[in-house]
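Participant: Chains as they are written, first to last, in the working numbering: chain A, 1 to 130; chain S, 1 to 260; chain X, 1 to 666; chain U, 1 to 151.
Treat the hints with caution; some may be incorrect.
Cβ-Cβ distance ranges computed for the label pairs, FRET-style [unchecked claim]:
#, chain 1, residue 1, chain 2, residue 2, range
1, A, G99, S, L69, 40 to 46 Å
2, U, D99, X, E139, 43 to 49 Å
3, S, A112, X, L530, 49 to 55 Å
Distance condition first, Cα-Cα at most 25 Å in a straight line; then the derived PhoX-like pairs of lysine-lysine [as the list claims (entries may be wrong)]:
#, chain 1, residue 1, chain 2, residue 2
4, X, K260, X, K298
5, S, K201, A, K115
6, U, K130, X, K109
7, X, K473, S, K145
8, X, K424, X, K473
9, A, K62, S, K202
10, A, K52, A, K25
11, U, K11, U, K120
12, U, K140, X, K655
13, A, K115, S, K207
14, S, K202, A, K115
Honestly, the hints are just simulated from the structure, not real lab data.
Even for Gly, the Cβ is constructed at its ideal location relative to N, Cα and C.
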Amino acid sequence: MPATEKELAETIRRISGVDTRKCMKCGKCSGTCPAFGEMDIHPHKFVSMVEKGEIDELMQSKSLWTCLSCFACVERCPRNVEPARLIEAVRLAVIRRQGENYLKADQIPELLDEKLPQQAITSAFRKYSK
Amino acid sequence: MKFSYYPGCTLKTKAKDLDAYGRRAAEALGITLEELPEWQCCGAVYPMAKDEIATKLSSVRALVSARDLGNDLVTLCSACHHVIKRVNGDMQNDENIRTKANNYLQLETPYAGETKVIHYLEMLRDVVGFDELKKKVVNPLKGRKIGAYYGCMLLRPSKEMQFDNPENPTIIEDFIKAIGATPVLYPFRNECCGGYVTLSKKELAQKKADVILESAMEQGAEELITACPLCMYNLDANSTAHKLPVHYFTELLAEALGVK
Amino acid sequence: MSSLHKIGVFVCWCGSNIAATVDVAAVAEAMRAEPNVVYATDYQYMCSEGGQSRIREAIKEYGLTGVVICSCSPRMHEATFRKAAQSAGLNPYMVEIANIREHCSWIHKDRMDATAKAIVLARTALAKLNLNQPLTAGESNVVKRALVIGGGIAGIQSALDIAEAGYEVDIVEKTPTIGGRMAQLDKTFPTLDCAACILTPKMVDAAQNEKITLYTYSEMESVSGFVGNFTAKIRKKARHVNEDLCTGCGLCQEKCPSRKAKNEFNMGLNTRTAIYIPFAQAIPNVPVIDTEQCIHFKTGKCGLCQMNCSAKAIDFEQQDEIIERQYGAIVVATGFRPISLERFDEFGYSQNPDVVTSLEFERIMNAAGPTKGQLVRPSDGKHPHCIVFVQCVGSRDTSGCGKPYCSKICCMYTAKHAMLVREKYPDVEVHVFYIDVRTPGKNFDEFYRRAVEQYDVDYIKGMVGKVSSHGDKLQVQGSDLIADKQIIIDADMVVLAAAIEPDPEVRKIATMLTASIDTNNFLTEAHPKLRPVESPTAGVFLSGVCQGPKDIPETVAQASAAAAKVIGLLAKDKLKRNPCVAHSDEMLCNGCSACEKVCPYGAISYMDKEFRVPGPKRTEIRRIAVVNEAVCQGCGACTVTCPSGAMDLKGFSTKQIMAEVDAICR
Amino acid sequence: MSIEETKKEYKPLIVAFCCNWCSYAGADLAGTSRLSYPADVKIIRVPCSCRVNPLFILRAFQRGADGVIIAGCHPGDCHYTSGNYYARRRMTLLFSMLDYLGIERARTRVEWISAAEGVKFSTTMNEFAKTIHELGENKKLEDLRCKELLK
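If we strip away everything but chain A, and leave its shape as in the complex, we get (with noise of 0.2 Å):
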């Protein structure tokens, strides 16, 4: 049986081990993401709408596949919230299920050039498919 969404959203807050209940909405976050530009939902949002349990529209986020995990939010945050554990939890709960891969096997050769380190293959591959 598919999860609702209240089940989902308190799995998201389990396996990030994230409180958002600490974050004061100051943005820096989303002041501080180098990828801020190619997401549509923005970090602070993110924070937001999973402490609301909107999680059924952030698992449909462009977000998920962009964030670079560099952990500037991480670093900067003044509340110690994380936010780039609760990117990461959602995209798990994405490609957890079955044939929701973002990145698939066969996918893979086209995007290849010779100088890519093996290092990007396999991070892209731990971020996107399980």
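We have chain A; now place chains S, X and U onto it with these hints.
Facilitator: For chains S, X and U alone, kept in the frame of chain A given last:
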């Protein structure tokens, strides 16, 4: 001085230089780097979720292996360092992860994060000492204006990485001074190069790399050094507008020590 | 013994505060069944006049020998109920409080549990009361002189008010001049009157008031004693300038060749000489030699100041002086400083001279400051065209890099700075990044709105993520949460509203005074609402930011309040002492000296006393401990140390506490 | 009633000695802030943690207490300058003796809680009550005669 050494996949393939120069330089500095037997890929990204255990096991195996050899563990690739250091932190501090990982691995002696993980640069700073390094330089890179590119993985999150001041780091600049060159400070040296997103969103990564290069050039850098193969790729192969030579820091180290 | 007691029990509802969770009638009922209890009742507000009169009447009617009040914390109303009992002829120390509010009704939800616990707490108080002895408080003299630690606006105001009432006051200030932080400010919100214009007359008043003695360039060495009778040692550091001879002409300063020291008064924005007067209106107007910078002190040469001083005031041989004095009351007014920004390098403070703190900006805007009030960039002296202000830098920060509290003054001074810049230089574009704008205060919000509506200051709800240099501009990257955008502003200057923290000296002083301090190094008040200017340590009062962040009007109000408390204390000729002091049973004491060693007050001494003994000798002389009740503070360290069980503490006797343990474990 | 059920109903008895200046005020603050902790905790006010005689703790265990906690000012912040240091030294000795007697180390605790730390007071008491609850009833030192006498 002997260390266990974890090279990681990329250093065996696309970033052979990073590895080879690193080993040669260490030798010249009187440091023995013993490659861990049968190490496995660290996974390249640290699995942040609290319920991700299996993806952390390869790092735990490397850590256990170093412990059993009685060595501190030296890493060279920024990504490997990031992953292994943070997994080690989890093994120290997260009871749930520690218990599950130990249950899975069925070790003779359970592992609780005893291994000390240091990056090659930390080894230069804290074990060799930059003053000592300076004395061993035979071919000082005089007149070269070098920008240090730190990227994300070595610095953040600083509470876990404990590497340097995350917003105004100095370790690579001190390294540059030690090998006789002139460090060029620029504000974007700790901003993201675009990372693995380069695979699926090339333009995004390009934009990020360009900003960094622009910032470095503006402050007068004539070349950049990095410790990360992916940063190297993004800054060197993937950038569009501004071109600066990018090297692995070990290459310059080997050059300065006369073992290139 | 206990059968002689007739005890009354009074259970307070505290409106619904207690009665909502504790069945007060059931508590009274249960207590009625206890031995020795002859009367038990409950009432809506025991602390009200109605409640107190019930206590008084019951004492008379039932001939009560002791009273148990089940109510709020004894820290709240113990004194009230003791007074009520006393007025009905009962010894005030025959009153015990069972704390069924803070320790019971407010923290438990289940009515059964809370009621059961309240009954246990009431029985515990009763068990203790059964063993209470009537106590009489001794008296001690009050030294009619007050000590004020810190010479900022808080200390000055407290001292002036105390002196006004006719008492002697000494101000101890560690820097060479009084005036404190306020002296550094340009204009003050919300009226925009200049800080110097309103502060310097007060400084002069303090200096000229014959009741006030200033010890500048002086530090606290030690404090001992207790309320009414403190002894303080003050170290008057050597200025190397004779205060009596110096005319304050300033020639020495002009001639001094050592000019590299950072000027503290200007927040290090320029330099000063080794012999210096911090600022033109300094009081006293006497220079001081910075021995770490002075060429004479470093090399034995130079001496230009001495050669040029016609008053012969320069004295290289001058030594520190220790002054010892008695005081009846002490006011702490040690103030604050902005936090260090070393853990906020994302704002580039340490990397770029044009990123400044608000206090530095204050000096730049000040007509007497390093730029003579010209708004210019510290890096190149150029006029800025765009300034970005960042609020909450290190305030409300629980990440460990900053302070968890709101620094309270930043919203207002940032609005002030923004407004002053726009008024003086209409060509300058001003942006303010804010998380919340907090302006509770008279005319405060109106002031902030004026900045927006009249002066066109651009307030952006969001936070800056990074400041980086870009050409000769500062690239400020931040969020605009209302627009849901990331914005980049090319600024010429960035001003950071750094959090404020108590001056680090306060820790040392708090330890000296045994005044408690919280996790953020702010001094703790005796009660956050009802005793906000008193420290829990009797005779020690709090003034200004050492107690918590506050602006000038609040600081002055608190300074006067502290002064009123001091005056109230000094107006008394005698003080009642705490009668809960140690007492040694001379029949048990073996004179071993163990108690003397642990007493922090030196209250225990020994005497030889003759005792009757059976047998042919008839008497023998034994060494016994004697407690000086005027000095003992009643901590009880000696009671536990005493190996023979001779030492006990009145009001908290071993038997009483044992009885409490028994009652809880019943 | 099955054993399971009796276990569920077990309510531990916890005695907390709090110094008047810091921890008792901290407990007051916990109350003012409505930060709950189990009703099993009963507080005895003492002027200073150094007033707590080891005998009080033994007495509590004898009379059937399941846990005893002593709370004082933070080191360096004692209202009487040094009382909490004495308390710390005395309790270290006492606790190792209790340990020797078979009273689990976790049944006794010394904590520093300031007047401003209402949150710490409540979390400490919650944690301690949980620990004691897990340890279950203390029977090691209980003096059954005391119980008989009181009946």
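Participant: Does 49 to 55 Å hold as the CB distance between A112/S and L530/X, or does it fail?
Facilitator: The hinted range 49 to 55 Å holds for A112/S and L530/X, with Cβ atoms some 51 Å apart.
Participant: Holds or violated: K202/S and K115/A, Cα atoms, limit 25 Å.
Facilitator: At roughly 14 Å apart (the allowed maximum being 25 Å), K115/A and K202/S satisfy the hint.
Participant: Holds or violated: are the alpha carbons of K115/A and K207/S at most 25 Å from each other?
Facilitator: 18 Å, holds
Participant: For the pair supplied as a hint, K260/X and K298/X, confirm whether the alpha-carbon distance does not exceed 25 Å.
Facilitator: It holds: about 14 Å lies between the C-alpha atoms, which stays within 25 Å.
Participant: If you check the beta carbons of G99/A and L69/S, does the distance land in 40 to 46 Å?
Facilitator: About 43 Å separates the Cβ atoms of G99/A and L69/S, which means 40 to 46 Å holds.
Participant: Between D99/U and E139/X, does the C-beta distance stay in 43 to 49 Å?
Facilitator: Cβ of D99/U to Cβ of E139/X: about 48 Å, so the range 43 to 49 Å holds.
Participant: Does K120/U sit within 25 Å of K11/U, going by the straight-line distance between their CA atoms?
Facilitator: 22 Å, holds
Participant: K201/S and K115/A: Cα distance at most 25 Å?
Facilitator: 16 Å, holds
Participant: Between K424/X and K473/X, does the CA-CA distance stay at or below 25 Å?
Facilitator: 22 Å, holds
Participant: Would the pair K52/A and K25/A pass a check requiring their Cα atoms to be no farther apart than 25 Å?
Facilitator: Holds: K52/A and K25/A sit about 13 Å apart, inside 25 Å.
Participant: Verify the proposed pairing of K473/X with K145/S, using a straight-line Cα cut of 25 Å.
Facilitator: OK: K473/X and K145/S at ~23 Å, within 25 Å.
Participant: Need the status of pair K62/A, K202/S: alpha-carbon distance at most 25 Å?
Facilitator: This hinted pair holds, its Cα atoms lying about 15 Å apart.
Going through the hint list in order, the structure satisfies each hint without exception.
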